[in-house]
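> Given next are the chains, with one letter for each unit.
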Amino acid sequence: MSAETTEKSTYKIPIGPIHPALKEPVMFEFEVDGERIVDADVYLGHVHRTIEWTGMRRNPVQVLYLAERICGICSYCHPMSFALAVERIAGIKVPERAEYLRVVQAELERICSHTLWAGVAAHEIGFDSVLFLTWQVREKGLDLTEYLTGNRITKAITQIGGVRRDITKDMVPKIEETLSFLKDNFGKLKKIFLDDKTFKMRSQGTGILTKKDALELCAVGPTARASGVKKDVRVDQPYFAFGELDFDYVTPDVLTGEVNGDVYDRIIVRLLEVKQSIDLIEQCVDVLSGMPEGDIVAEPKIAKLLNQLKKVDGDGIGRMEAPRGEVIHYVKMDGHEHPYSWKVRAPTYNNILPWIPMLRGEQIADIPIVAASTDPCMSCTNRVGIVHNGKRKMFTGEQLHELSVEKTRRLMQ
Amino acid sequence: MSRDQKLSPEEIVDSFKKEFAKKVTDTKVERHPIGPKKNEMIHIWMTVDRSSYRDVVKHLMTLDEEAHFAVSSGYDIENRIEIINHFSIYFGERGEEISINFKVALPKSDPTMDSICDLIPGALISEQEKQEMLGIKVNNIPKDMRVFISDDFPEDMYPWRKDEMNADKMGRNLHEHDKIPAAKIPEKEDDE
Chain F
1 MSAETTEKST YKIPIGPIHP ALKEPVMFEF EVDGERIVDA DVYLGHVHRT
51 IEWTGMRRNP VQVLYLAERI CGICSYCHPM SFALAVERIA GIKVPERAEY
101 LRVVQAELER ICSHTLWAGV AAHEIGFDSV LFLTWQVREK GLDLTEYLTG
151 NRITKAITQI GGVRRDITKD MVPKIEETLS FLKDNFGKLK KIFLDDKTFK
201 MRSQGTGILT KKDALELCAV GPTARASGVK KDVRVDQPYF AFGELDFDYV
251 TPDVLTGEVN GDVYDRIIVR LLEVKQSIDL IEQCVDVLSG MPEGDIVAEP
301 KIAKLLNQLK KVDGDGIGRM EAPRGEVIHY VKMDGHEHPY SWKVRAPTYN
351 NILPWIPMLR GEQIADIPIV AASTDPCMSC TNRVGIVHNG KRKMFTGEQL
401 HELSVEKTRR LMQ
Chain L
1 MSRDQKLSPE EIVDSFKKEF AKKVTDTKVE RHPIGPKKNE MIHIWMTVDR
51 SSYRDVVKHL MTLDEEAHFA VSSGYDIENR IEIINHFSIY FGERGEEISI
101 NFKVALPKSD PTMDSICDLI PGALISEQEK QEMLGIKVNN IPKDMRVFIS
151 DDFPEDMYPW RKDEMNADKM GRNLHEHDKI PAAKIPEKED DE
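Protein chains in written order, with my numbering: chain F, 1 to 413; chain L, 1 to 192.
Hints are computed from structural coordinates only; laboratory data are not their basis. What you are looking at is a predicted structure, and each value in this text was computed from that prediction instead of being measured. From the three backbone atoms N, C-alpha and C, an ideal C-beta is built for every residue, glycine too. There is no bait here: all hints are sound.
Only pairs whose alpha carbons sit at most 27 Å apart, straight line, appear in this in silico BS3-like list of lysine-lysine:
hint, chain 1, residue 1, chain 2, residue 2
1, F, 311, L, 38
2, L, 162, F, 311
3, F, 230, L, 58
4, F, 140, F, 169
5, L, 38, F, 93
6, L, 103, L, 23
To spell it out: a stretch of chain F is covered by chain L in this simulated footprint if at least three of its residues, at any positions, have a beta carbon under 8 Å from a beta carbon of chain L; those stretches are:
hint, stretch
7, 49 to 63
8, 234 to 248
9, 332 to 342
Chain F regions said to be covered by chain L (calculated; three or more residues, Cβ under 8 Å):
hint, stretch
10, 205 to 217
11, 350 to 359
Work out the full structure, taking the sequences as your base and the hints as a guide.
Here is the structure:
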């Protein structure tokens with residue numbers, strides 16, 4: 001930045017908009033006083049892809065594959081929430097076996113998403129060896145996803161009324177092997193993320209979101225839970241087979257006995273949820289192994305299913321706890337081939353406004369880790385411009401990242 | 001009333017009917033059996049007169065001061081625009097949460113409704129989105145500007161609308177449209 005003096009004590013830094021190839025485009029405008037953030041504002045939608053508009057011109061089965069492309073990481077939650085909404089409208093009963101299979105996929109997605117996030121968080125503070133270690137663990141999760149669904153990312157496992165692929169007995173050893181690998185490495189990751197000095201320095205007391213703000217700004221998922229809000233759709237309003245499984249809300253006080261709502265607490269929640277997801281998959285695999293083989297979808301003939309859906313009239317919502325929080329899909333069918341209305345609400349939509357109180361009072365160098373702590377798409381730090389005396393100076397994502405790494409080094413001295 | 005005195009779904013509906021009389025209509029309690037043990041998933045739906053919408057939300061917050069606003073959906077049908085506001089209450093305990101959906105119908109001739117941002121600040125993005133996607137006007141919205149659609153998108157064109165005000169033309173023939181009226185773009189200095 002220029003060393004030139006100015007009468008104005010604060011100036012504005014726009015962060016974003018972002019690379020159009022990435023999925024959660026957002027632009028923030030920060031009012032800063034030197035290094036400290038005084039206020040923040042948010043601008044969204046730089047790459048709105050009109051997914052909902054397109055969905056209203058597709059039949060419900062086609063929408064599943066479109067919904068899968070809303071988000072690369074939550075490529076199971078979105079089509080499944082749409083399916084849940086349509087099942088409510090049409091009164092479709094999902095076979096028992098499919099309810100457990102749905103849980104396995106949902107929790108596997110959570111493991112892959114949380115470990116991906118943990119790697120990104122490590123990278124943001126300049127701890128790249130942990131990034132590679134974490135993603136090595138995640139890779140095993142993706143291998144298992146590929147083994148179970150045929151794909152690593154866009155899984156195409158969802159069907160209205162069930163799922164498309166079963167887990168047979170001969171697949172169980174591979175699942176157990178992966179889960180045991182994940183469990184073995186979980187301890188190592190927990191030690192690094194929760195006990196390492198570098199992580200603690202950068203995350204404790206940083207990016208605080210109070211419980212009051214979390215509730216008022218409608219935060220969801222680990223972002224809300226880290227602030228002490230017990231909110232998890234899996235427990236609150238169990239769907240799939242979650243009502244039959246043994247698990248509870250993960251809030252930071254489970255581990256530390258207190259809730260601070262800072263970045264460190266958000267790390268705790270996500271890490272413990274990885275362990276929880278491993279447990280949930282194990283519980284489901286146990287049930288599935290002891291269950292006789294049976295239907296995994298209510299109506300296997302697509303043409304028949306579509307014919308049934310063409311006749312339904314009504315509206316419904318489908319809610320799921322995605323890795324980042326509550327996903328909600330609203331669908332209105334009116335006796336035609338296509339949904340009359342479809343609204344998608346991803347968790348980041350609600351977790352954007354909480355960034356403002358989190359970042360207020362923090363330093364510019366904390367933007368990457370605080371922003372990353374809500375697990376949005378980090379692409380928004382792709383390009384940063386400093387507006388100074390009416391002139392702009394562009395900061396690349398790399399330069400902003402350098403600032404963050406420098407702060408870590410400074411604290412280490 | 002608070003979380004210590006949770007009401008049953010039917011009692012919730014009755015409390016709204018009692019409080020708002022004819023301003024609340026078409027009430028429906030859905031009980032969806034879910035999972036192997038057929039646990040009940042409860043969704044309540046009701047249509048609310050737009051003049052009472054803010055008071056309805058206030059009343060909801062007396063039932064549960066931590067009421068969660070998820071999002072608003074919406075569509076236009078015939079001569080009206082319907083906004084469905086999705087809330088949930090009683091979360092925080094296993095299986096206790098109830099989803100409540102308030103439908104508010106706005107005539108196309110005067111598609112206005114009141115903001116609830118003073119009650120629930122997190123509703124801002126959702127209200128902004130309904131303004132730009134459906135062409136409604138939210139009274140007293142704290143930040144009256146576009147959020148998802150860029151500032152260079154034509155006015156009086158709303159992507160979710162199904163009538164003549166829709167944006168289908170924009171979707172099909174982008175290359176034919178001079179979609180950036182110069183007057184609407186704020187002047188910016190070149191990057192250094």
